[in-house]
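Student: Those protein sequence lines, which keep their order, are chains P and L. In this text, residue positions in the first sequence follow the working numbering: the first is 1, and each later residue adds one. In this text, residue positions in the second sequence follow the working numbering: the first is 1, and each later residue adds one.
Think of the hints as simulated: they come from the structure by calculation, not from any bench. It is possible that part of the hints are untrue.
A pair counts as met if it fits within one copy or between any two copies, since identical chains are not told apart.
Here are the simulated PhoX-like cross-link-like pairs (lysine-lysine), alpha carbons at most 25 Å apart as the crow flies [what the hints assert, rightly or not]: (1) 46 - 59; (2) 94 - 246; (3) 90 - 80; (4) 59 - 40; (5) 206 - 37; (6) 217 - 244; (7) 246 - 92; (8) 59 - 94.
Number of protein chains: 2
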Amino acid sequence: MNGTVIYGRNAVIEALESGVREFNKIIISNGTRSDAKIEKIKELAKEKGVIFQFVTKEKLNAIVSEGKHQGVAALIAPIKYLELDDFISKNKNKNSSIVILDGVEDSHNVGAIIRSCVCAGIDGIILPSRRGVLINSTVEKTSAGAINHIDIIKTNSLVNTIQRLKENDYWVIAADHHAEQNYFDIDYTDMNFVLVMGAEHAGISKSLLKLSDFKVKIPMLTNFNSLNVSNAAAIILFESAAQKYKKCVK
Amino acid sequence: MNGTVIYGRNAVIEALESGVREFNKIIISNGTRSDAKIEKIKELAKEKGVIFQFVTKEKLNAIVSEGKHQGVAALIAPIKYLELDDFISKNKNKNSSIVILDGVEDSHNVGAIIRSCVCAGIDGIILPSRRGVLINSTVEKTSAGAINHIDIIKTNSLVNTIQRLKENDYWVIAADHHAEQNYFDIDYTDMNFVLVMGAEHAGISKSLLKLSDFKVKIPMLTNFNSLNVSNAAAIILFESAAQKYKKCVK
Chain P
1 MNGTVIYGRN AVIEALESGV REFNKIIISN GTRSDAKIEK IKELAKEKGV
51 IFQFVTKEKL NAIVSEGKHQ GVAALIAPIK YLELDDFISK NKNKNSSIVI
101 LDGVEDSHNV GAIIRSCVCA GIDGIILPSR RGVLINSTVE KTSAGAINHI
151 DIIKTNSLVN TIQRLKENDY WVIAADHHAE QNYFDIDYTD MNFVLVMGAE
201 HAGISKSLLK LSDFKVKIPM LTNFNSLNVS NAAAIILFES AAQKYKKCVK
Chain L
1 MNGTVIYGRN AVIEALESGV REFNKIIISN GTRSDAKIEK IKELAKEKGV
51 IFQFVTKEKL NAIVSEGKHQ GVAALIAPIK YLELDDFISK NKNKNSSIVI
101 LDGVEDSHNV GAIIRSCVCA GIDGIILPSR RGVLINSTVE KTSAGAINHI
151 DIIKTNSLVN TIQRLKENDY WVIAADHHAE QNYFDIDYTD MNFVLVMGAE
201 HAGISKSLLK LSDFKVKIPM LTNFNSLNVS NAAAIILFES AAQKYKKCVK
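Could you put the whole structure together from the sequences, leaning on the hints where they help?
Tutor: Dropping the structure here:
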């Protein structure tokens, strides 16, 4: 199996629990102190018939070349990307929302954004094939398993993707710190939307900005105007979540 | 000088511009392609009389042991921590707000939270001396220079610190996912507050939870309840910022 390595107790538990990933094997380093999470991994693995392998700490370090593995890793099938048209038909009878990352380069940021997306009820995430990062072990780890709870789409052309979404009644919201409108002045509750977040330094490509229906900024209370992209995404996504939440409990 | 290494073009520019850090020298690796940012660093350094040193890429790699230096680093004086009582008197004639990180362990998270704090107009940040991370090179880098625009306090006892803040009319807000109240149901605009964020996995210590005046949660739209701590902080801090912003523009 041409696999992906995931590592860390929570990431392995999440992947086992989600049931959407095919496991090759779970690898635990000799001398890993057992705790409630390790026991849970063992139990879930037995239940699902996944093989265990005990290796030396040095071997596990070699398998997990970067990041903290906390004594446990797993080899699993690579993530399955969804086709855009399948995503659109799957979500056509509800208000649907999706996030585009236009060249975000830091795997930690991508993982954290996926986590926020799942918590905020976003249906999917779109990554360009040739700019920024795709799903890798660090994204898996920093997403804390969220990756298994959201549809992931990759595309060769964000312009074509956005046009296709627009044809299917998605409104395009671009996060742009030059915008005039504030992110909290939009009603997110009654439309399909795609939120476009730009790369860490370059922001959103001009070609995508042109296609947007709304441009929104996050107003700062000081002259220091430099939020981390995953934090900016969280702020906007949870404004949309809060609006939806308030509407439901009314 | 017992110094700190900062690295990355933006971090060096920010530190030079802020004027609050004493520079030992700026180190640029031979063959670093000049661009607008490198030119700006050279210009600011001349203006402020800071020495330049050109070194091989290998030497710079050795100085910056982790992280991407983008060809430039600087040796600067360590951050000056402020005393709590000095912070309190400095801010006593305004509505003041401060964030406590109760054992946050990931330097990237601490850096990103400091960035959000500065953007959201928070006056200070409190770190415990013996749990979690203090200011290091990674925090400096991921804060994108925000560290130079906020007061940083370290403390041996968060319990004593919170009690002292309470005596000085600060309300204590704890972010706790077991809370009943939602973060957007609090009026942040008319009080001094201290927001307490817990460690990545363990959350907030019980002793601190007991001292809190409000416990707030971020309601999720799905069963996946696991936000990155820097994203959770950003969501709450920018709710407070949005409330203040709306009040001002009214």
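Student: All hints are to be evaluated individually against the structure, with a verdict given for each.
Tutor: Okay, the hints, checked on the actual structure:
1. 46 - 59: within (23 Å within a copy, 50 Å between copies)
2. 94 - 246: Classified as within: same-chain Cα gap 18 Å, cross-chain 32 Å, threshold 25 Å.
3. 90 - 80: Cα proximity of residue 90 and residue 80: one copy only (16 Å, versus 55 Å across).
4. 59 - 40: within (23 Å within a copy, 46 Å between copies)
5. 206 - 37: between (46 Å within a copy, 22 Å between copies)
6. 217 - 244: both (20 Å within a copy, 16 Å between copies)
7. 246 - 92: Answer is within; shortest intra-copy Cα gap is 23 Å, inter-copy 35 Å.
8. 59 - 94: neither (48 Å within a copy, 57 Å between copies)
Of the numbered hints stated above, the single one contradicted by the structure is hint 8.
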